[in-house]
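Participant: Letter by letter, the chains look like this.
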Amino acid sequence: MANDCTTVGKSVPRIDAAEKVTGAVQYVDDLQFGPSLLWGKLLHSPHAHALIKSINASRALALPGVKAVVSGKDTPKPIGLYLKDRTIFPVDRVRFVGEPVAGVVATSEEIAEQALSLIEVKYELLPAVYDPYEAAQPGAPLLHPDLGKYEVVNFIFPEPGTNISEHFKLRKGNVEAAWPQCSAIIEDIYSLPQIQHVPIEPHVAVARWDKDGQVTLWAASQSPFAQRDLIAQSLDIPHGNLRVIAPYVGGGFGGKAGISIEANVVVMARAVKGTPVKVRMTREEEFLNTNVRQSLFGRYKIGVDKEGNLLAMEVAYYFGGGGYNEYGTNIARAAGYSCTGPYDCSNVKGDSHCVYTNTQIGSAMRGFGMPEIHWGLEQIMDRLADQIGMDRVEFRKRNCVRTGDTIVTGMKMPNIDLVKCIDLVARGIGWGKKEAATGLNKCRGKGIAIMWKAPAMPPNPGSSAIIRFNEDATANVFVGGQEIGQGSFTVMAQIAAETLGIPYESIRMTVNPVDTRYSPYEWQTVASRLTWSMGNAVKAAAEDARFKILDTVAKYWKEDIKDLDIKDGVVVSYKSEREQPLKKMVVYGLPNENFEGWQGGPIVGSGKFMPTYVTNLDAETGQGTRAVVHYTVGAQAVDLEVDTETGVIEVLKIVSAYDVGKAINPDLVLTQIEGGAVHGMSSAFEGYIYNDKGLMINHSLVDYKIAASMDAPRKIQGEIVESAVEDGPFGARGVGEHVMVQTAPAMANALADALGIRINRLPLSAEKVYLAMLEKGIVK
Amino acid sequence: MQPFDYYKPKDFEEAFHLMNMPGKTVYPYAGGTDFIPMSRDGFWKCDAVVDVKALPGLREIKETPDGLFVGAAIRMNEIANSDLVKSHWDVLAQGAGSVGSEQIRNRATLGGNLCTASPCADTPPALYVLNATVIIRNAQGERKVAIADFFKWVRQTAVQNGDIVVGVVIPRPAAGAFGSYVKLSRRKGSDLSLVSVAALTFPNGKAANWRLALGAVAPTPIRTPAAEAILEESSDEAHIELAAKSAADTSKPISDVRASETYRKLMVANMTKRAVRMTLSRREKGG
Amino acid sequence: MLHEITFTVNDEPVTLAVKSHHTLLRVLREQLGLTGTKIGCENGECGACTILMDGEPVNGCMVLAVEADGHKIETVENLNKSGELHPLQKAFVEKNAIQCGFCTPGMLMMAKGYLARNPHPAEDEVRQAIVGNLCRCTGYIRIVDAILDAAKEVA
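Chains as they are written, first to last, in numbering that gives the first Met the number 0: chain S, 0 to 779; chain A, 0 to 286; chain G, 0 to 154.
Source of the hints: derived by calculation from the structure; they are not laboratory data. Be careful, since some hints might not be right.
[As the list claims (entries may be wrong)] Which bits of chain S does chain G cover? Going by a derived footprint, with three or more residues having C-beta under 8 Å, they are: (1) 676 to 685; (2) 693 to 701.
[Stated by the list, open to error] Just a sample of chain G residues kept apart from chain A, beta carbon distances all over 10 Å, derived: (3) E3; (4) L15; (5) K80.
[What the hints assert, rightly or not] Computed from the model, here is a short list of chain A residues facing chain G with C-beta under 10 Å: (6) Y28; (7) G30; (8) A107; (9) K187.
The structure presented is a predicted model; accordingly, all values stated were derived computationally and were not measured. Backbone N, C-alpha and C fix where the C-beta goes; we use that ideal spot for every residue, glycine too.
For reference, chain S alone in the conformation it holds in the complex (with noise of 0.2 Å):
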C-alpha cells in the first residue's frame, strides 16, 4: 500500500498557508462581537498561600460601568481532569501569586481593571512552600488538606494528609541485588524549574450564557471538547447546552489545553446573561496565572557492568505541580511508567510524585514530563559511559529499547528504530571529530541526547471525523481536533484524499472553527496523538465513504465491489476496465438501466477510533499488559560552542533523528523538528525566577526570555526513519512534542564535552556557565 501511495508520503503543501499569510485567519481576539461586548479582568491574589477570609466587592460595584464581580462563593462546584481539587475560583484559600480570586466584568477594560483596585479582600496568610522534594516531606505546610475528599480517577494515586497528588510506584527486578554487581555506579540530583510555554497568541476566551439557558463559549483551546466536559460538569449545565467555539490557535504547546481562564469567563457571562464578556490575558498574566510546564527535583542511581549493560535504575520524581494538579498528575504518572527513558534495564524500581507547591499550576507542556526526566537521565548514561571508558554513543546503543523488548512496565515494545536513530544523528554531526572553534576564547563540543515518549492520556481517548461529498467530487473532512501550528489539517486532508482515492487538492477540511456542537467528537488536541488517533478516524470516515461510492457503482455495474477501486476521483474496474467519474454520483447517486430506479445517493462517510487496548497497570509495581499505546523515540546531536569570556552558549548545529512510523508528510515533520529543537534549546535557558514571596519575577518577554532568531542554529538537520506501528494509520505516530525532550541534556552533554563541565539544574544561563568554569579552573 505505502508504495502507491500517492498523497501519503508526499510534501504537499499546508493547507492553512494562504489564509495565515494574508493576514485573514481569525484567532479568538479577531472575532468581532458588535457594540454590546463587555470586558472582563481577573484579581489576582498577591499571596503563595492565605485563606480568604472575606471579599467585599461592593466599592468596585458601585463604579459606574461595573456590571458584576464574581468569587469563589459563586462557583462552589469542583472541577478537574484527572482530580478534582479545584474550583473556578477559589472559594476558601489561595495557592499560588497569581491565582485568580475573583473576576469583574464592565463595559470597558480600562474600567474592569479600575474596578479590580476596589475589591477588598481579607486574607490570613499562611506558610508557604516553593520546592517540590521539601513540600513532599513530612510537616510541609499542606496545601489541600480535603485531598482524601476529592474525586479522581481510578489510575492517579493521592496521598492523603500530605502534598502528594500522585504517587506512581514502579517495581521490576531488584536494584538491591543488583548494585554489587554494578561496575559504575552514580548517584545524583538533577533539577529544573518552571517554564512557559509562551504561544504568541496569549489566552483568550468570550463567553455568552443566553437567558434561555444556552451558553457559548469562544476560546483559543486545544481542548473543546474537554472543556465543555469539565466546565459543564462544575456549572451543572447539559452538555448539549454548552457549545465551545475553538477558531485556529497561534499557539498552543500544551499551555491551552485542558483548562485555564476559560470555565472563569463562563462564570463571568453567567453574571451579565445574555451579553457576551471577553477576557485577554495580558502576556504578563500569561506568566503569572496561566499554567507552566512542572519543576522538577529527581534523584537518580544508575549502576552498569564493566560491559557497559545497564543493571540497575532507582529513580525518584518530585515534579513541583502548583497549587492545583488536577491535570499535573498524569505528568507524574506518564513519567512513572517511562521512568527508565529509552533503555532496557531489568532492575527498576521508580517513584514518580506529583506534589502541590505554592506556585503557579502545573500542566500540560509538549513533552509531557520527559524533558524533565531526561534532562538528568541522559547526562548520567553519559557520565556512566564515561566511567567506564566506553563511547556515548556506543553506550546508548547498546542499551537502548529495541523493537519486541520487554520494556519497564512489562509491556512489548511495539516497532521502532532508536539504533537507526542514534546513527544517523552521530553521522550527521560527526560524531568522534573535534571541529575546531570559531574564534579565540571559544570551546566547542558535542553532545548526544536519546529520548522517548508515548502519548500519555487516559487509556481511552477517542476521535472521530465525517465526511461529506459535494457534487463536484470535492469533500468536506469534519474533525474535532485542533491545527495549533503543526499541521493537522494538512495531514487529515492527506489521510482522506489518500484512502478516498481522490486528489489532494479535492479535500476541504471543514474544522475551522472547531465547534462542540457541530464537530466530531475528539478528546483533545494533545499527546502529538492527532496524526495517528485522529488519523484513524479520518480514515475508517474514508473507508466507510469508500465503501459506500463502491457499493453503489458495483450495484450500477453489477460487478464484484473487490474489482473496484477508486483512482483520482474516478471509480475503476479492474475486471471490465470501465470507469465512473465521481462528479455529480456522490450526490444523485447513479440510474439503473432505462432509469429503472437509482442507486446511491449522498456521499457521508463516518468514523472513529478509540484505543481499546491499554490495560491499567498494578498499583504497587506498575505492572501491566500495556500500559501505552506505543512509544515514539528519537535521538539528538548537538554541537556548540562557549564563550568562555562570558559563559554564553551558542548552539551552531542541531541534527534530530525520530522514528515516525510514517511520515504523512515529510516536509512538516521537518518543520517539527527543526521548531521543536529550537523550542528545546530555548527551553534551556528558561526559567522562572521567584522572590521570596512565591511572586515570580521575570513576568515578561523583558525578563523572560525566548529563543529569538538570532539565537537559532546556524543549521538544523532533520532525519525521518519510518518503522511503522500497528495502530497508526499508514503505520504513523506522533513527532509533536518529541522534538524538543532531548534538547536540553544533548546541549548539556555538548557542554561537558567541550569544557568538562556538568550543570544539574536549568537553565544553562551564561552566568552558571561562567561561574562553573571558574570554579573549575577554566577562567580566572
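Keeping the supplied structure of chain S fixed, place chains A and G upon it in accordance with the hints.
Facilitator: Quick look at chains A and G alone, frame taken from chain S:
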C-alpha cells in the same frame, strides 16, 4: 491603560504652558517605547502627555561649532544609520544601534533614552566617553548640564517638572579618535544590557588618552578614571588586564533578576577588555 | 480626550476620532477592523503587531493612535491587495515558514520594511532584522530562508 490627554504643541511657549497646567501631572512624550509600557502597567500615572516631536529643533541632527547636536526626538535608528554621527561619534551610533529591536529603534528617541534614566540604557555610556552636554529648557530659559551631572540615580535625572530636554551637544573628538560600545545581554539581540562598556581613545601627542564608561553596573553610568589612567600608561595586554580589573573594582553592580553582582563584576572586567581590544583593533585598521 | 486624525491606511485615506491613550494597534483592530495585526505582548517585545509607518517597521502597540495623524500606515492586509500574493507571502508558503501563523503578519511586515531598506541582505542581516519578531513554532530558519528567497524576487 488608564486614560490621559495628549497634546502636540508646535512651539515651546505652548509646550511650557501645557507642561505647567495647574493641578495636573504632565509628562513630556517622545518615542513612547518606555512611556506606553510603564503607563500600561500602572507604574507611571499622568493626566496628560506633551508630545515634543513637533517642537523646533528636536528633530534636528547637525554639526555646530560646539560639536554634534542631536535633537531629543531623534530616533535610535536615525542615529545608528547617520553618516554624520558615524563620521566622528561612531561609538554613539554603536550604542544607539544596540537598543532593542529594529521596530523599537524606529520609535525610541535619544531624549527618551536619557530621561527614563534606566541604568542599562545603551546611549548614555557613549555620551559619557564623548563628554556630551544635555540641553534642557523650561519656561524660565535654557540650561546646559554635563552628561555626568545629568544622571542622579536610578530613574532620576537633572530634569525637573516643567523641563523639556531639547537635545545633546557632543564635542567633536580629536582627530584619530576611535571608540567601541560593547554590550553583554542574555540573548543576542533585542535585550537589555547586563553590563556595557563604552571605550574611546584619541591621540595626545605621542601618547593616547582613554575614556571608559560602564553601563548597567551602578545606579547611573560611571566613568572609570583609574582604569583610564592605566591605559594611558600603556595599552599592552598586561595593562589591559590591569585596567579591566580596575574597572571591575570601580563598578557597583547589584544582583537582580537578570544577573548576580558577582557575575556582573566579572563581566565588567571581561567586557572592558573586549571594548579596549576592539578599539585598538579599530585604531589599527583606521576605521 | 478625543482627537480627529487623518492618515493613510493601506493606501486609503482615513479620518476618525481616536482616544489619546489608545494605541495604534488597538485602533487598527477595533476601529478599522484590521485584525491581521496581532496582539502578542503590548510591550514592544514580540513583534506580532509589526506594521509599517511611513515604510518603517514599528510595533503597533508602541505608537499612540493619535501619533499616526498625517502618516502612512501599512498592515498585512495590504500585501495582497491586488489579489495576488506578495513575493514574501509566496515564499513563506513555499518554504513552510508558517505554523500557527500568529507571528506571520508581523514577520511579513518586518521583512517588507527591511527589504525596502536593504534589498540584498545576507543571512545574518535578516536574522538581525527580525530579532524583534518572536516565533515559538518554526525555529526561524525557514522564515529567514523565505525572506532571502523573496529578496531575490523583489529585487
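Participant: The structure should be examined with respect to each hint, and the outcome stated for every one.
Facilitator: Quick rundown of the hints versus the structure:
1. Coverage of the region 676 to 685 of chain S by chain G holds in this model, with 3 residues showing a Cβ closer than 8 Å to a Cβ of that chain against a need of three.
2. Three residues within the 8 Å Cβ limit are the bar, and the region 693 to 701 of chain S against chain G gives 3, so the coverage statement holds.
3. With a closest Cβ-Cβ approach of about 13 Å to chain A, G:E3 is found to remain outside the 10 Å limit, as its non-interface label requires.
4. For G:L15, the non-interface assignment is confirmed: its Cβ lies about 15 Å from the closest Cβ of chain A, beyond the 10 Å cut-off.
5. Every Cβ of chain A is farther than 10 Å from the Cβ of G:K80; the closest lies at roughly 23 Å, confirming the non-interface assignment.
6. Interface restraint check for A:Y28: the shortest CB-CB distance to chain G comes to about 8 Å, inside 10 Å, so the restraint holds.
7. Given hint, A:G30 at the interface with chain G, holds; its Cβ is 8 Å from that chain's nearest Cβ, closer than 10 Å.
8. At about 9 Å, the closest approach between the beta carbon of A:A107 and any beta carbon in chain G falls short of 10 Å, and the interface hint on this residue holds.
9. The interface hint given for A:K187 is met, as the beta carbon of that residue sits about 7 Å from the closest beta carbon of chain G, less than 10 Å.
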